[in-house]
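Enquirer: Take a look at the letters that make up each chain.
2 protein chains.
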Amino acid sequence: MLFSRIAIFSPGLLGGSLVRAIHRQSAGSVEVRVWGRREEPLQCLRDEGAATFASTNAAEVADGADLIVLAMTIGAMRATLEPVLAAGALAPGAIVTDVGSVKGSVVAALEAPVTAAGGYFVGSHPMAGSEQKGLDHATADLFTDAACLITPTTTSDPGAVDRVEDFWRWLGCRTARMSPERHDETVSRISHLPHVVASLVVEAALRESPDAAIYAGGGFRDTTRVASGPPEMWTEILLENRDAVLARLEQFHALTGEMLAFLRDRREEDLHRFLSGAKERRDHIYGRR
Amino acid sequence: MLFSRIAIFSPGLLGGSLVRAIHRQSAGSVEVRVWGRREEPLQCLRDEGAATFASTNAAEVADGADLIVLAMTIGAMRATLEPVLAAGALAPGAIVTDVGSVKGSVVAALEAPVTAAGGYFVGSHPMAGSEQKGLDHATADLFTDAACLITPTTTSDPGAVDRVEDFWRWLGCRTARMSPERHDETVSRISHLPHVVASLVVEAALRESPDAAIYAGGGFRDTTRVASGPPEMWTEILLENRDAVLARLEQFHALTGEMLAFLRDRREEDLHRFLSGAKERRDHIYGRR
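Going line by line, the protein sequences match chains B and V. Just so you know, we're using this note's numbering here: the first sequence kicks off at 1 and counts up by one. Just so you know, we're using this note's numbering here: the second sequence kicks off at 1 and counts up by one.
Hints were generated in silico from the structure; no laboratory data involved. Note that the coordinates shown come from a computational prediction; the quantities given were computed from them, not determined experimentally. Any given hint could turn out to be false.
One copy or two, either will do: identical chains are not told apart, so a pair holds if it fits within one copy or between any two.
Simulated pairs of lysine to any residue, SDA-like, Cα-Cα distance not exceeding 25 Å [claimed, not checked]:
1) Lys133 with Ala79
2) Lys133 with Asp265
3) Lys133 with Thr115
4) Lys133 with Gly218
5) Lys133 with Ser276
Bound-form chain B, shown alone (with noise of 0.2 Å):
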């Protein structure tokens, strides 16, 4: 392995899965370290066996690790990153990644400290986070086959992009590298329109009529699976990539309205162009049925 003590901070769905994975992949030849707010997550990993120090002092838990990674909401980042680098806790040459769904002004707030601490900082994102939260459903599984996109930008350290990147595939992600700017772009399309979608259609389904889906089948429940996430959460990281969402959602919104003009003329013709078009672009990404 290329670290040998990793610390994650903050053991949530990702962070956790991140503890537990490392544990197994390195057969627990690697230390791995974890900070957290809450003492009761920390005991349950130290119980379990997958961390080897836990603790709620932040320059502790980052003493002497070469990889940091932070998995907590975006907006606690650098808060939480603060007193190691006041203790002059970060090792030299450490390097800091996270997890973040946004990437620009996550890689904006914290390169130029760590770089400054002496370390050095790459953004991540990977894509394998879910509906639920929390430690109860953290799984070694979770980045299997996941794809996790690594944001480096014109500064970054070639070598500590190289390790990173290697990081995420030894847990079993398949990666790509974008700017962090392209990376707000893609997940604007792919993350966050699917998300304030998935609760516009429930609210639209349902605030009138609350039990309607009880009668329904798979399709509701897969189309609307995301709306069950926390809200703090996805509040905080809509409002972070606010532009490139605002974007895409006026899109839809006009899209929307394409739609809306096809119904009420009986334009059967074009609605079958849009429903087949939506078919062939999503079947050449899922393949064909």
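Given the structure of chain B, go ahead and fit chain V onto it with the hints provided.
Expert: For chain V alone, coordinates are given in the frame of chain B:
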């Protein structure tokens, strides 16, 4: 079993699943007759022993059946049943039902002619489809635990309605009764709106960027799954249930406009309230995470 000779018209995903489910559930004691336009799927069902008799001649297939299930596209139902009625091949007191996704227009088209021919028509809608189609995907398990909506009218024969409901329960469905109008309003919420929206998400996300979704996680895949369904079938469904779908999509369009304002004006509290409301309403149906 309540019926001893059941005729299934058209062995697609739903019809083929019915043939296999009835054969399995009755351990071969119910005679299953199958009508189809093409010989190949009929031969397949004969070969596997699930169909007792299979033919491209509708009147022959209907002969002596005490239950006929119409499982083709909505617009083809009347034309398919016509030669049966014209030939006087409907057994006295036979029950005819269907599996169509829209009930107002179907019931209006079929109730009178079936009644005039000495039978009973009762509409059904098992919520058991998927984005797949055809006999290749048909399975005896399709109806297990699926909801099935039965849509009697004020003139329906109570005994026939009971027997149709018992039939779906015997196949493992959870049944509920409602008028054709209430059915069409309900499915516009939980099936037709989600379908349209899934296609809109695909187009808004991928039209300009067809490969963006190769990085997607499970959220995009699930949110858009139904958009891979057959466009011909869905064009017909949406136009047959046009008024209800229009009402839902107009409401959805207005809510999307609200969401756009939340994002444009960075109305964090309103955004959070909206996402929380959607999560609550969905968790009310599928359980809290």
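Enquirer: If a hint holds in the structure, say so; if it does not, say that too.
Expert: Hint-by-hint comparison with the structure:
1. Proximity of Lys133 and Ala79 under a CA criterion of 25 Å is satisfied intra-copy only: 21 Å inside one chain copy versus 52 Å between copies.
2. Proximity of Lys133 and Asp265 under a CA criterion of 25 Å is satisfied in neither setting, with 44 Å inside one chain copy and 28 Å between copies.
3. In this assembly of identical chains, the alpha carbons of Lys133 and Thr115 never lie at most 25 Å apart, being 31 Å within a copy and 55 Å across copies at closest.
4. In the homo-oligomer, the alpha carbons of Lys133 and Gly218 lie at most 25 Å apart both inside one protomer (22 Å) and across protomers (15 Å), since each shortest distance falls under that limit.
5. In this assembly of identical chains, the alpha carbons of Lys133 and Ser276 lie at most 25 Å apart only when taken from different copies (15 Å versus 36 Å within one copy).
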